[in-house]
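Given only the sequences and the hints, what does the whole structure look like? Please build it.
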Amino acid sequence: MINEEHTPAMQGMFPSTITTCSKDGEPNTSVISQVWYVDENHVALSNQFFNKTKKNVSENPYAFATITNPQTFDMYEMELMFDHTEVEGDLFDEMEMKLEAIASMSGMSGIFKLIGSDVYKVKSINKLNL
Amino acid sequence: MIPELTMNVLTTGFGHVGTATIDKKSYHTDTMGVTVDQQNDTISCFVKSSIAEEFLKNVNETKKISFYLGLETHEAYNFKGTLIETYDLGSEELSQSENFRKSFIDKMKSMGLPEDGIKKIFGNPPDKGLKFKVEKIFKQTPGPEAGQELSF
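From first to last, the protein sequence lines are chains A and B. Residues in the first sequence are numbered from 44 upward in steps of one, following this note's numbering. Residues in the second sequence are numbered from -4 upward in steps of one, following this note's numbering.
Think of the hints as simulated: they come from the structure by calculation, not from any bench. Please read all numbers here as calculations on a predicted model, not as lab measurements. Any given hint could be a false lead.
Unchecked claim - Computed footprint of chain B on chain A; a stretch qualifies when at least three of its residues, placed anywhere within it, have a C-beta under 8 angstroms from a C-beta of chain B:
1) 51 to 64
2) 71 to 81
3) 95 to 108
4) 165 to 173
Unchecked claim - Keeping only pairs whose Cα atoms sit at most 30 angstroms apart, straight-line, the calculated DSBU-like set for lysine-lysine is:
5) B/Lys19 x A/Lys98
6) B/Lys126 x A/Lys98
7) A/Lys97 x A/Lys141
8) B/Lys104 x B/Lys58
9) A/Lys95 x B/Lys128
10) B/Lys19 x B/Lys102
11) A/Lys97 x B/Lys126
12) B/Lys43 x A/Lys164
13) A/Lys66 x B/Lys58
14) B/Lys19 x B/Lys43
Where is the CB? At the ideal position from N, CA and C, for every residue including glycine.
Written out as structure tokens, the structure reads:
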């Protein structure tokens, strides 16, 4: 599903947008530093302090994200389903290192802190016709 | 009354408006300018219907809105509320959006991004307005106060 057309949009150059929904049907839209490529069917989102997003996907696994290719400025919408959280291991370590780099570049060192790597199954990915 | 401290982010920030379907799936789209009625606690945000078909269909059904706006300084707020109406933008709002998009393109150019690329996203005008009643406001600036509800 995810292929080389999409991966440049998963390098954290531009923030990504994510919307989730509570069990009561209340939406929550937020911005995250990076949608991380895991494999062709999965991505990971950094769980830093966006507690509402985390709470929502714990109750209702559906999420919607938009990513942007920093070279072409193409945008892609992804329907996601929360799968599991990793708090140690290679994925967590790589995401933590990248997050520290993003924090350093954006003056947010000490504020951006990875709590967990939330892995989502990608249900669909579609290019926006801008 | 929508707090004054949120007005700079509301009028100059980059926005994303989200909704949820009846079966609790979520959608969002980017916004390209807003008008704010502070006294009556309403916000109208401008979207492009050509890239927001699913969003518009669902927001008109459930009426539920989460509107995130942030600046490059990371100052950000989330305005939650209920849709009042969707409507075709008039000349005044289109002009306001043009000024907003021009300012945004200039800001992005000053950060070293290519004009052609930025215009791919911000070059074309929005055509629809979404007016909603603000019921809750949350601070979303990263840090210990993220998620704090603002009273108004």
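Going down the list of hints, with the structure as the test:
| no. | hint | verdict |
| --- | --- | --- |
| 1 | 51 to 64 | holds (count 4) |
| 2 | 71 to 81 | holds (count 4) |
| 3 | 95 to 108 | holds (count 5) |
| 4 | 165 to 173 | holds (count 3) |
| 5 | B/Lys19 x A/Lys98 | holds, 14 angstroms |
| 6 | B/Lys126 x A/Lys98 | holds, 28 angstroms |
| 7 | A/Lys97 x A/Lys141 | holds, 20 angstroms |
| 8 | B/Lys104 x B/Lys58 | violated, 36 angstroms |
| 9 | A/Lys95 x B/Lys128 | holds, 21 angstroms |
| 10 | B/Lys19 x B/Lys102 | violated, 36 angstroms |
| 11 | A/Lys97 x B/Lys126 | holds, 28 angstroms |
| 12 | B/Lys43 x A/Lys164 | holds, 28 angstroms |
| 13 | A/Lys66 x B/Lys58 | holds, 16 angstroms |
| 14 | B/Lys19 x B/Lys43 | holds, 23 angstroms |
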